[in-house]
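Engineer: Listed below are the residues making up each chain.
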Amino acid sequence: AQSVAQPEDQVNVAEGNPLTVKCTYSVSGNPYLFWYVQYPNRGLQFLLKYITGDNLVKGSYGFEAEFNKSQTSFHLKKPSALVSDSALYFCAVKVGLYSGAGSYQLTFGKGTKLSVIP
Amino acid sequence: DAMVIQNPRYQVTQFGKPVTLSCSQTLNHNVMYWYQQKSSQAPKLLFHYYDKDFNNEADTPDNFQSRRPNTSFCFLDIRSPGLGDAAMYLCATSRGGQGKGNEQFFGPGTRLTVL
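Residue numbers (this note's numbering), protein chains in the order written: chain A, 162 to 279; chain B, 17 to 131.
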């Protein structure tokens with residue numbers, strides 16, 4: 162079964178410091194990996210994805226993620242955290258329904274709450 | 017702006033009283049998904065439509081049904097809500113076809129309260 166794990170329930174970081182939110186994955190075949198952010202009482206917003214190509218993926222709001230095949234990781238990073246980055250972050254892996262239909266399921270990690278302290 | 021819209025944002029219903037949540041999209045995406053998200057948990061896929069083809073997850077209770085009358089709209093019907101069905105319900109869309117890396121776009125969600 163394909164899955165992602167987010168080992169930290171909560172990450173605290175001081176404003177202006179670099180942040181890392183960890184994600185590891187377990188898939189058969191090539192992974193399709195995503196990061197989403199969720200603010201309180203809101204839906205999920207897409208941040209970035211890894212499909213193929215460069216291991217360093219750049220996304221929205223200054224976030225980036227590094228795909229590491231040997232460590233099966235896809236950690237989310239930002240060089241300088243903002244208070245407004247405080248939110249719930251989900252890593253997800255695509256479980257393909259390769260029936261030709263092209264639809265797929267996202268399997269989410271349990272989420273990591275990021276708190277940026279002023 | 018193209019987007020995914022969910023109405024209402026907050027819904028209160030009584031135990032056992034049927035309720036319908038709605039989702040519409042202006043993205044013209046083939047695929048529409050319904051997720052259930054309980055407090056501080058990951059979203060859980062209930063079912064999805066690829067065009068008119070309905071795909072139910074194996075562990076989705078029969079109490080949950082869905083309708084997609086056209087490309088733009090999708091409804092989630094809860095026939096007899098129980099207290100355990102109180103959650104945030106998220107609608108999402110994606111392009112289908114061969115775009116294997118197509119991300120899903122989420123609506124703002126409907127928070128359901130069951131009294």
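Errors might be hidden in some of the hints.
Residues on chain B that point at chain A, a partial pick, calculated with CB under 7 angstroms [what the hints assert, rightly or not]:
1) 62
2) 80
3) 98
4) 99
5) 101
6) 102
7) 103
8) 123
9) 124
Keep in mind the hints are simulated off the structure, nothing from the lab.
Note that beta-carbon positions come from the ideal geometry of N, C-alpha and C, so glycine has one too.
Engineer: For every hint, state whether the structure bears it out.
Structural biologist: Hint-by-hint comparison with the structure:
A least Cβ separation of about 11 angstroms between residue 62 (chain B) and chain A goes past the 7 angstroms threshold, and the interface hint is therefore violated. Interface restraint check for residue 80 (chain B): the shortest CB-CB distance to chain A comes to about 16 angstroms, outside 7 angstroms, so the restraint is violated. Here the hint on residue 98 (chain B) is broken, as its CB sits about 22 angstroms from the closest CB of chain A, past 7 angstroms. At its closest, the beta carbon of residue 99 (chain B) sits 20 angstroms from a beta carbon of chain A; the interface hint therefore is violated under the 7 angstroms criterion.
Violation of the interface hint for residue 101 (chain B) is found here, the shortest Cβ-Cβ separation to chain A being roughly 18 angstroms, above the 7 angstroms cut-off. Contact between residue 102 (chain B) and chain A, as hinted, is not supported at the beta carbon level, the nearest pair being about 14 angstroms apart and thus beyond 7 angstroms. Taking 7 angstroms as the C-beta contact cut-off toward chain A, the hint placing residue 103 (chain B) at the interface is violated, the least distance being around 12 angstroms. Satisfaction of the interface hint for residue 123 (chain B) is found here, the shortest Cβ-Cβ separation to chain A being roughly 5 angstroms, below the 7 angstroms cut-off.
The beta carbon of residue 124 (chain B) is positioned within 7 angstroms of a beta carbon in chain A (closest approach about 5 angstroms), and the interface hint is therefore held.
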